[in-house]
Structure formats: C-alpha cells, structure tokens
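Trainee: Read top to bottom, the protein sequences are chains A and B.
So the mapping is simple: this note's numbering equals the position in the first sequence, first residue as 1, plus 894.
So the mapping is simple: this note's numbering equals the position in the second sequence, first residue as 1, plus 894.
Do not rely on the hints blindly, as some may be mistaken.
No copy is singled out in the list; a pair is fine if it fits within one copy or between any two copies.
Think about it this way: if two alpha-carbon atoms lie no more than 20 Å apart in a straight line, the pair counts; the simulated DMTMM-like pairs of lysine to aspartate or glutamate are [claimed, not checked]:
1. 1110 with 947
2. 1238 with 964
3. 1110 with 1019
4. 1110 with 1190
5. 1170 with 1190
6. 897 with 930
7. 1043 with 1122
8. 945 with 1122
9. 1098 with 1129
10. 1126 with 996
11. 896 with 1086
12. 896 with 930
13. 1238 with 969
14. 897 with 921
15. 896 with 1205
16. 1251 with 1003
17. 945 with 964
Hints listed in this document are in silico derivations from the structure and should not be mistaken for laboratory results.
There are 2 protein chains.
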Amino acid sequence: MKKTVGVIGGGQLARMMIVPALELGLEIKVFAESADASASMAATQIGDYTKIEEIRQFSQGVDVITFDHEHVPLEVLEQLEAAGVAVRPASSALRFAQNKIEMRKILGELGLPIPDWAEANTVEDIDRFLLKHQGIAIAKTPTGGYDGKGVRVIRSAEEISDWLQLGAVLLEQKVNFVRELASLCARRPSGDMRTWPVVETVQKDGVCSEVISPAKDLSEQSLHLASEIALKVAEGIGVTGMLAVELFETEAGELLINELAMRPHNSGHFSIEGSKTSQFEQHLRAVLDLPLGSTEPNAPYSVMINLLGVDSENDLVSRYPAALAAHPSAKFHTYGKSARAGRKMGHVTVVGSDLVKVVAEARAAAAVCLKA
Amino acid sequence: MKKTVGVIGGGQLARMMIVPALELGLEIKVFAESADASASMAATQIGDYTKIEEIRQFSQGVDVITFDHEHVPLEVLEQLEAAGVAVRPASSALRFAQNKIEMRKILGELGLPIPDWAEANTVEDIDRFLLKHQGIAIAKTPTGGYDGKGVRVIRSAEEISDWLQLGAVLLEQKVNFVRELASLCARRPSGDMRTWPVVETVQKDGVCSEVISPAKDLSEQSLHLASEIALKVAEGIGVTGMLAVELFETEAGELLINELAMRPHNSGHFSIEGSKTSQFEQHLRAVLDLPLGSTEPNAPYSVMINLLGVDSENDLVSRYPAALAAHPSAKFHTYGKSARAGRKMGHVTVVGSDLVKVVAEARAAAAVCLKA
C-alpha cells in the first residue's frame, strides 16, 4: 500500500522532500501558502495554515501530516490529533519548538546543558538578569523568531521595551562560544533513532551561511556528547521526524544548546550529497515509521554554502551557465523562489576528501552565483 | 530566466528527470500517456504523442522538447522543428534510434565497429545471410523493439516469416561475446561532450538486470575505446542529450556496437548515486545547452539492480519496511507503476569500494524486494 505524506508549508524544505518521496514511491501532498511556492510541484491545496477547516480538509486521505515550518498554531494541530490524524512531530513535541521559554523549561527539566536563562515580564526582571551577567544578555521573543529575527543583544531594559509591552521575553546569558555546531538526528514513533556526525555551522548576520560536515578537529568525547544531546532531546520531548539541535562550543570545550528545530534543517542540507541517507529522506522515513537509513558519510568532508539573494534581479538561475561551467563538481540547489536581498534562494554543496579544497571550491562556486 | 523543458512520455526516465529539474531550478513539463503515469507529478498534459496537434499544443511555452522514449513519430518531430521548436535529440538523429537498419547504415558509414548485418526482404536474403554465418543469425524488427521484444535467434527463414510479411527485417551476425558493456555520454548542441567510465551490463531474458560501474578488469585501451566509440557516435549522428551505446566485448577484446539509445538509459541509473552528475541531470543540462557536470565517480564501484515485477501483487512499496530495515545503505528507487510480472518497477543501487561486498549487498537488497 502506497503511503501518503501531507506536508504543511510549501517552502524549500517541502521542495526537497519531493525528491525522496519520488524515489521511495511515497505520495507527497503539499499544503502551500501560494501557487508559486517553492514546493508547488507537489501542492494539492493552497491556503491558510492557521485555518482548521482548511487543514482538516487537507488531512483527508493522507497517512501522516508533517511540516515545512513550525508555525501551525497548536490549537489546529491538537484538533487534528483529536480527530485521529497522525501529526508528526506531535503537538506535544512541537509546542517546545514554538515557544522558546517552554523549550528552556523542558531542557532544564531533562537536565540538558543550556545557557543560563530567565523569563522576563518586567523591567526589574531584566535588570536583575543583567546584573547577574556582567550587564549583557541575549533577549529573544518567545515565539515567531527565525534567522536572527526576534533576537537582540541588550545592555539595558529599554532596548526591548517594545517587546516587553507584548508579553514575556526570554533572556539568555551571552555565551562566549568559539564556534557553533549542530547535531542532527531522526526518530521514529517506535523510538528508533539515527544521528549524523555533528556539523560546524557558520552564521552571518544571524543566518546560516556555511556548514562543514563533520565539524573540524572535534574530540571523540565532544562528538559523542553532541549526538547524546540530540538523542536525549528527541527522546525526552518525544520528537518524531528530524530534529536539529544548534549548539555552542565554549573555549572550555563545553557544549550548550542554543536552539532546536523539529524538521529538516539548514545545517543538514549537506546530507543530500554527503550522506547515504539525506535528512529529507530520513524525515519521510521517520514520520511514516519506516526503517531509518544509514547516515554514513559518502565522502570524508561535505561543505554547504547558502545562496542568499543579493537583490531582486539575482534569481540564481540566470547565474547558472557561469556557475555550472566554472564548477562542474559542485551541486547546485535552487528553491524556485523570487529573488530578494538576504532571502535563502538556494545552496551549493561540494564533497571530497581534502577539506581545504572542498571549502575553497564551495566558496568559489557560491561566489559565481552571488555576483551582483 | 527560468528555462522550461518539455518531456514527451511519462515513464520512469521522465520521473527521474524531475529530481535534477527541481535541484537546478528548471521548469519541467511532462506529456504523459495517462494520469497515473510514472512521471505524473510533473504532467501538464495527458494525451497521444502520435497526434501532432496535441504535441504542438504541449510545445507552446517550453524552451526545448526532449523524450522519455524514442517512439514519437518522425513526422511529428519534423513538423515541430519546422515550426521552430527546439527538439533534442533532433529528428535527424532520432531517426537512427527509431530504425535499426538505418542505424547500421550510418554506423557503417561512420566506420564504427558493428557486427556483420544485412537487410532482408526475401527468404533468399535470409538464406544467404545464414549460409555466410554458419546457419545462425539474430533477426530484429527494424522498429518498435525494446527489452528483448522484436529480437529472435534464427536458424531458418521460417522462424521470421511473420515478420517478413510486414517488411524488411534486420539480420545480424550472432556475436560470441564474453560480456556486454555500455558506454554513456552526453552532448550539448554546441558540441561539448562528457563520457562516463564504461559499465558492464548483465541481461536476463533480454532485459537489463544488473549494471556494474565501472566494468571489471577492463584494459585501459578498451576503456578508452569504449568512450571513443560513444563520442564518435554522438558526434557523427549529431546526438544532443544522453546517448547510451550498448557494446559486445568479444573474447579477442574487440568491442562491437549492439544498440543505441538517445536518452537516459537503464545502464546509467547507477549514476544517480555513483557519479557527481547523474545521467538525468546531464540530460537536462545537455538538451538546454547548459555546461555539463563532472562525471567523476562518487565511489570506486556502483552496482544497480533492476527490480522487475514478480506478479500483480508485488508493488515494491509493500516490500519497503523489510527492504529498508535489512539494507540501510542501499538506495531504493520506485517508478510508481502498477505491478505486472517482468515490468520494470524500480531499481536499487549500492556504492562502495569493495566490489564483492557491493554486489552482494545490492543483490540481497533486490532479493528482499522481489520475494513473492
């Protein structure tokens, strides 16, 4: 019996799920925001994912509902679940990805390593936290932030007075990290899990810019710890499908959890070429409770670079002839989105055995695409 | 500017072209035979590819027309070309793939190595050819044959009296080959070409069953010769897109051309995982005259095994849980076709550095899928 997966959200993550769906012979249906969404090829419904009637209609005749993003209101998901629809990850897990304060609470309860944090509802709460942390803190809106949006480095309460008017704010200790890592895993409803070797991520203006798999010169102990953290989060929260755990590595070699995502994640795009099983294939296998694939690397190193829009003219595709000609071994991925400065338009991945060469090739390939 | 490729035919080759189209940000439109065709996800028109009005309508708004199969009537293609549509491969090349007698003529003119052959229109023609070749020959219908259909080993004219009534028959010397090989290349309209290392193909009942890339223990000279043959055919005939040249290797180490295909070919499916650029991506690049990708292998060996239908019950997908569980490193590909004994339902590919292990793993993975 052919299985059908319904994906809410028509962005690039849904687009990249189409490939393993075709390969594995799974039916994929996408609930997209607009007819020109990135995953429009598999779109069977266009609508508003906050409307329970529309989502309920979409869920008819699919075996499982999963997501391109984490923004579907919890009430919508809970009503689907009450109606007997398999939602993966479930609302009971996804609520932690939707609220950064709830996430810190559960991670603390699970005994996992996180930066010191507090919920601030008043100016006094903020002042108290700043006093404790040398007068500096990271403030985050509990909901709705992504790619650097909803995050500020603050030294006084005034800097987030606008946010405070709207409700609670998350305050976090500013961690002096030496680099950022990400630990990916997938978990089936039956509990089986697989991890990938931890990757190194480079952010630029709060947006993921470059990913190196595996992270360079990481101790065996840290490699193991990073995987352990991902597995404990997945199990502790009951995640089904892909989980990405963004981590800070401190000078002392400590690993601290920064953020979580319960879906394929930008830090895992390298896996399309770099791993026996990509995160997109693994996500589909996991949410359908199919056996998970090997996460063994296809090459010693993989480097992925995001292609961000330069301006509204640079639609990537017009850069192809030059990029393909100059870099015949680089793998280009486009998301079919209209161009806009700073928008994630695509990515390029290079794999190989010499990290210096792989990084240089990936950066050169990206540079050709990004020339204004 | 986004390019649009129109594919006539909705089979598994078109289905596997969808993946690189998504990755490279190309628009792909498929003219399918039926709504449940293998490539139905990209189907924009359902119809009869022998009808010029339907094909003409389909060709509106695509940058180039290419094919999932070689059965579109030449008149249809010539009319499209006369109307200014870019057809790749062009009718001037495709006519050799559509008629096995025309193919032998051009290959002979190009001075390429082929088995001795003759066009037979009478019983006398057949008797003469049999006399010359120790009383045995291969007879082929000039048009319409595939996967062993339209091919007979004959020892007398009576054995093909039914064919002779319909027109000319191709007779070929029965080659005592030690194995079969296939040499793949891609060619752009601008003339740029890329080859892959020659593969070894195993046929069972006239259908491709197993492909090993690269062919085992082939001399440098034969490797080079096989590529040279493919390049000379592509150039001599003016092929654009993928070309597969099926070859016989004789005991003396000679290479003789058996058949040609001017499209992605079963012998190239290994390249999805086994090569930096798959034959499907290369085909799209070639027909759109984009720079060709690297054909460097991703691993020392790749083995592909076809998954043929056992009976109408075995739809492959129902075998997945067992196959995925037992073989987490094997890559399964399904074509979304209804099950039928002997039908190409999908394939499985394993890559690695130890050929014995790779072959064993691929065969074991296929066996799980094919258990009745």
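Trainee: Each hint: holds or not?
Mentor: Cross-check of the supplied hints:
no., hint, in the structure
1, 1110 with 947, "neither (48 Å within a copy, 59 Å between copies)"
2, 1238 with 964, "within (17 Å within a copy, 39 Å between copies)"
3, 1110 with 1019, "neither (39 Å within a copy, 71 Å between copies)"
4, 1110 with 1190, "within (17 Å within a copy, 26 Å between copies)"
5, 1170 with 1190, "both (6 Å within a copy, 18 Å between copies)"
6, 897 with 930, "between (26 Å within a copy, 16 Å between copies)"
7, 1043 with 1122, "neither (29 Å within a copy, 56 Å between copies)"
8, 945 with 1122, "neither (38 Å within a copy, 61 Å between copies)"
9, 1098 with 1129, "neither (31 Å within a copy, 48 Å between copies)"
10, 1126 with 996, "within (17 Å within a copy, 66 Å between copies)"
11, 896 with 1086, "neither (22 Å within a copy, 42 Å between copies)"
12, 896 with 930, "between (27 Å within a copy, 13 Å between copies)"
13, 1238 with 969, "neither (29 Å within a copy, 45 Å between copies)"
14, 897 with 921, "within (6 Å within a copy, 26 Å between copies)"
15, 896 with 1205, "between (42 Å within a copy, 17 Å between copies)"
16, 1251 with 1003, "neither (43 Å within a copy, 46 Å between copies)"
17, 945 with 964, "within (15 Å within a copy, 48 Å between copies)"
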